[in-house]
Amino acid sequence: MKIPVTITVNGKKHETEVEPRTLLVHFLRENLAMTGTHVGCDTSSCGACTVLLDGKALKSCTMLAIQADGREVTTIEGMAQDDKLHPIQQGFHEKHGLQCGFCTPGMVMTAADLLANNPKPSETEIRHALEGNFCRCTGYHNIVESIQHAAHAMNG
Amino acid sequence: MIPTQVEYHRPKTIAEALELLQKFGEDAKILAGGHSLIPAMKLRLSTPAQLIDIANIPDLTGIDDEGDHIVIWAGAKHGEIASSYTIKEHLNMVAEAAGMIGDVQVRNFGTIGGSLAHADPAADWPAVMIAADATFVIASTSGERKVAAADFFQGLFMTDLNEGEILTQIHIPKPPAGTKSTYEKFVQPASRFAIVGCAAMSDPDCNVRVAFAGVSSKPFRDTGIEEALAGDMTASSIEAAANKAAEGVSVMSDHFASEKYRRHIAKVYAKRALMKLV
Ligand SMILES: Cc1cc2nc3c(=O)[nH]c(=O)nc-3n(C[C@H](O)[C@H](O)[C@H](O)COP(=O)(O)OP(=O)(O)OC[C@H]3O[C@@H](n4cnc5c(N)ncnc54)[C@H](O)[C@@H]3O)c2cc1C
Ligand code: FES
Ligand code: FES
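The listed protein sequences correspond, in order, to chains A and B. 75 is the number of the first residue of the first sequence in this note's numbering; add one for each residue after it. 1376 is the number of the first residue of the second sequence in this note's numbering; add one for each residue after it.
Hints were generated in silico from the structure; no laboratory data involved.
Below, computed lysine-lysine pairings styled on DSS-like, alpha-carbon distance capped at 30 Å:
hint, chain 1, residue 1, chain 2, residue 2
1, B, Lys1463, A, Lys130
2, A, Lys158, A, Lys194
3, B, Lys1463, B, Lys1651
4, A, Lys76, B, Lys1404
5, B, Lys1417, A, Lys76
Using the sequences plus the hints, can you model the full thing?
Next up, the structure:
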């Protein structure tokens, strides 16, 4: 049986119905056709599906959409404003923080959580924050640099 | 992977949640942070018909300083515990362990109550709560009862919780000033669960408590180490005591760590933890 929910995604309120068993990631990708949030492992490990829920990084394959009822979700699609990349996205562009790009949406969202709590993280703190995000291509080096670049751009 | 069909309830109070649990009996499952239950539902290892979501019950959240003890409410998130000033001030090992659970995403939503109720043998909280001498408050429609952490864990994913009960609070006695405590963890690199976790606490009179996660099918207090130390926190005494880690305990074996290897790691991590308390 479907249940009514109100979920705000990237500032837009969605009043709709979901089956309680629908995962948040499927709600975003299938119900809302927002495919920027990726499914890598589907087993809560890789972090490709990371979004922000009320500002906190969450693996959206590990939560039901209905648990987000009444709350605010931010996805990678909500990061760029007025065709201008978010400083974290710009950092990945400048520092070549991606190769295939599959992990990137999750990396950017986890970095957003980190920089909101710790505007000037050290390299060690960045690496610690990325423990739940796997990248099969880059070896992480450039991802760390991308986030450092973003931290400078955002907070000097 | 998609869970089986399920109905969903979102009680606003503990009383409402208990009524729903009683009404649905064995069909019901409590949903807290969902970071153990949802993965299990996706794999269809767990197929509840009714989910009772307790994440929105304000009375189940927070950390309170009650003078001689600290109350951690079951709905407190790992991350919130890791950064709590009260916890850092009095119970260093609790803050340290909280900060080592999984990753940022897990710590943002997973709860201490969910972890204790789930009783994964590789989970960190159970051993830390045994070392901290915690008492759990458990509520049902017929009232409240208290259980010592040491009596709560009964085996692989098995606890003293009965159908219809909710773990509501964790009471931890405030240790005397000058007490040192720490948590040392040998991490499974993919899941970040403990292959071996050692929680250790020593008060100014060198009364020591040591407990292990990950080593056996349930967390345990290592009285062998404690007795061998006999209040002597010198390096040679610690070395000798740590070598008694998990003596007489049946040790798990899996494809990450054989029994022999785990036993060895337990000794190494006991020594590391105890040396930090000197
Ligand atoms: C990628 C990943 C890595 C992880 N790494 C670690 C780690 O390193 N160390 C570690 O210890 N854990 C780890 N975990 C598990 C994590 O800590 C979970 O948050 C925790 O085990 C369960 O808490 P929850 O709030 O998510 O509970 P849920 O998943 O919602 O519930 C778990 C179980 O407890 C029951 N339950 C929940 N709350 C209560 C309550 N108050 N009273 C009675 N029953 C209740 C539920 O019915 C269910 O059976 C990891 C999880 C993931 C996904
Ligand atoms: S798809 Fe969610 S963690 Fe990998
Ligand atoms: S860029 Fe390919 S997985 Fe990270």
